[in-house]
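Participant: In case you want the letters, here they are:
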Amino acid sequence: MSEIEATLTRVQNHKGVLGVVIVNNEGIILRSTLDDVNTKNYAELIPSLSNLAKNLVRDLDPQNDLEFLRIRSQKHEIMVAAREEFTLIVIQDPLVGFAQ
Amino acid sequence: MADVAAVDEVCKRLQSHKGVEGIIVINADGIAIRSTFDNEITVQYASLVSRFSVKARSVIKDLDDDNELKFLRLRSKKHEILIAPEFEKSKEYVLVIIQAPCCDF
Chain L
1 MSEIEATLTR VQNHKGVLGV VIVNNEGIIL RSTLDDVNTK NYAELIPSLS NLAKNLVRDL
61 DPQNDLEFLR IRSQKHEIMV AAREEFTLIV IQDPLVGFAQ
Chain E
1 MADVAAVDEV CKRLQSHKGV EGIIVINADG IAIRSTFDNE ITVQYASLVS RFSVKARSVI
61 KDLDDDNELK FLRLRSKKHE ILIAPEFEKS KEYVLVIIQA PCCDF
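Residue numbers (my numbering), protein chains in the order written: chain L, 1 to 100; chain E, 1 to 105.
Rather than coming from a laboratory, the hints here were simulated on the basis of the structure. Just so it is clear, the structure is predicted and the values come from calculations on it, not from any experiment. Hints may be right or wrong, so weigh each one.
As the list claims (entries may be wrong) - The calculated lysine to aspartate or glutamate pairs, modelled on EDC-like cross-linking and capped at a C-alpha distance of 16 Å, are:
| # | chain 1 | residue 1 | chain 2 | residue 2 |
| --- | --- | --- | --- | --- |
| 1 | E | Lys78 | E | Glu21 |
| 2 | E | Lys61 | L | Glu77 |
| 3 | L | Lys15 | L | Asp93 |
| 4 | L | Lys40 | E | Asp64 |
The whole structure should be built from the sequences, with the hints applied where relevant.
Facilitator: Structure representation (structure tokens):
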């Protein structure tokens, strides 16, 4: 559990990060820095999109694997790291993240 | 016809970019209108990417109706797939670029 906490703190404190949500492979919310409504929405919608991305990569090449997914929208960027045990979702303001 | 030339221009420019392994342009019907890959791979990419970008677009809207999908990046072990769903907005073309991962900025 402490590994999750350490990762959460490290990512959350990164410049430009608006929120972090960690979901397990059953869709249960393990941690979140967002409000309840947004947490629930991200936890419901993002893992299935990430699975679709994973399947896309596998369908094209069964020996390949998705490592990371980035969804850039007008307002922010959603970054998804899907692993077997959990999915890490980070929402960041893409303009703040760049070193200037 | 001018649009076709514009699409060709972009494809040519991107194709010569360092690390780019291939480019596909997909129209609103999910059909590839340009591709540097062979037919079988192109058809696969076209159908999978179309479906994926439609789903991604709707997820962004569901999360925030005011927001809009701009770009997608799928980083895999072997390469990165970049998807620009608004490449040519009026025609609803989707641009897909497959690039070697080492050439990240």
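Participant: Each hint needs a verdict: does it hold in this structure or not?
Facilitator: For each hint, the structure was consulted:
1. About 11 Å separates the Cα atoms of Lys78(E) and Glu21(E), which keeps this hinted pair within 16 Å; it holds.
2. Restraint check: the Cα-Cα separation between Lys61(E) and Glu77(L) comes to about 14 Å, which is no more than 16 Å; the hinted pair holds.
3. The suggested pairing of Lys15(L) with Asp93(L) holds, with an alpha-carbon distance near 9 Å, which does not exceed 16 Å.
4. At most 16 Å may separate the alpha-carbon atoms for a hinted pair to count; Lys40(L) and Asp64(E) meet this at roughly 13 Å.
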